[in-house]
Amino acid sequence: DAGVIQSPRHEVTEMGQEVTLRCKPISGHDYLFWYRQTMMRGLELLIYFNNNVPIDDSGMPEDRFSAKMPNASFSTLKIQPSEPRDSAVYFCASSPRISETQYFGPGTRLLVL
Amino acid sequence: EDQVTQSPEALRLQEGESSSLNCSYTVSGLRGLFWYRQDPGKGPEFLFTLYSAGEEKEKERLKATLTKKESFLHITAPKPEDSATYLCAVQYNNNDMRFGAGTRLTVKP
Numbered sequence: 001d002a003g004v005i006q007s008p009r010h011e012v013t014e015m016g017q018e019v020t021l022r023c024k025p026i027s028g029h030d031y032l033f034w035y036r037q038t039m040m041r042g043l044e045l046l047i048y049f050n051n052n053v054p055i056d057d058s059g060m061p062e063d064r065f066s067a068k069m070p071n072a073s074f075s076t077l078k079i080q081p082s083e084p085r086d087s088a089v090y091f092c093a094s095s096p097r098i099s100e101t102q103y104f105g106p107g108t109r110l111l112v113l
Numbered sequence: 001e002d003q004v005t006q007s008p009e010a011l012r013l014q015e016g017e018s019s020s021l022n023c024s025y026t027v028s029g030l031r032g033l034f035w036y037r038q039d040p041g042k043g044p045e046f047l048f049t050l051y052s053a054g055e056e057k058e059k060e061r062l063k064a065t066l067t068k069k070e071s072f073l074h075i076t077a078p079k080p081e082d083s084a085t086y087l088c089a090v091q092y093n094n095n096d097m098r099f100g101a102g103t104r105l106t107v108k109p
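Same order as they appear, the protein sequences are chains A and B. If you're matching positions, the first sequence starts at 1 in the working numbering and goes up one per residue. If you're matching positions, the second sequence starts at 1 in the working numbering and goes up one per residue.
Rather than coming from a laboratory, the hints here were simulated on the basis of the structure. Every value quoted in this text rests on a predicted model; they were computed, and no experiment measured them. Nothing false has been slipped in among the hints.
Which residues of chain B face chain A? A partial, calculated answer using Cβ under 8 Å:
#1 31
#2 43
#3 95
Short derived list, chain A residues pointing at chain B, Cβ under 7 Å:
#4 42
#5 43
#6 45
#7 91
#8 98
#9 99
#10 101
#11 104
#12 105
#13 106
#14 107
For each residue, glycine too, the CB sits at the ideal point set by N, CA and C.
Required output: the full structure, derived from the provided sequences and hints.
Structure (structure tokens):
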């Protein structure tokens with residue numbers, strides 16, 4: 001298996017622009033997680049899905065953030081409009097069951113100017 | 001407040017110098033404690049999962065232990081390739097997940 005795949009790996013955009021991050025989980029994993037990592041706040045859980053359904057989005061910082069999972073092999077995290085404080089590394093992870101190991105993707109490094 | 005605290009923030013060791021990293025937590029309803037290794041520019045890589053106090057797991061030079069309040073990651077005779085940031089994460093209550101800030105380990109040859 002190729003592991004969790006994220007794209008793009010790097011994104012540089014200007015404040016106010018829409019940003020879409022993409023994730024392909026490991027096949028057969030029922031859970032998908034989106035995280036954000038910064039030096040100040042460490043790794044924070046934003047939202048997670050079970051069988052394509054959002055279960056807990058309490059970590060989503062603002063209404064500017066939205067996430068979707070239209071099918072078992074694809075998820076997006078969208079920021080609209082983006083702000084400089086959104087600059088961070090965004091990770092996607094997947095796991096077969098909720099209490100089992102989460103496997104992380106390589107991350108998307110986002111810089112908002 | 002639910003918290004996960006890792007110490008020390010940074011640790012520098014000579015090759016072969018054994019040591020331990022600490023992860024203390026104040027959460028209710030622990031469901032699992034996870035240790036990850038993260039290399040610069042990469043995503044966290046799974047090391048261990050511990051589910052109950054008294055549990056221990058080993059992998060090569062690493063050994064993880066768990067009590068009711070904390071977990072230790074023991075590194076025996078580390079090598080330079082063990083240099084990385086080590087993260088612990090706690091899953092609790094209704095599947096809430098919280099990560100510690102990590103310990104940045106540097107092993108000098």
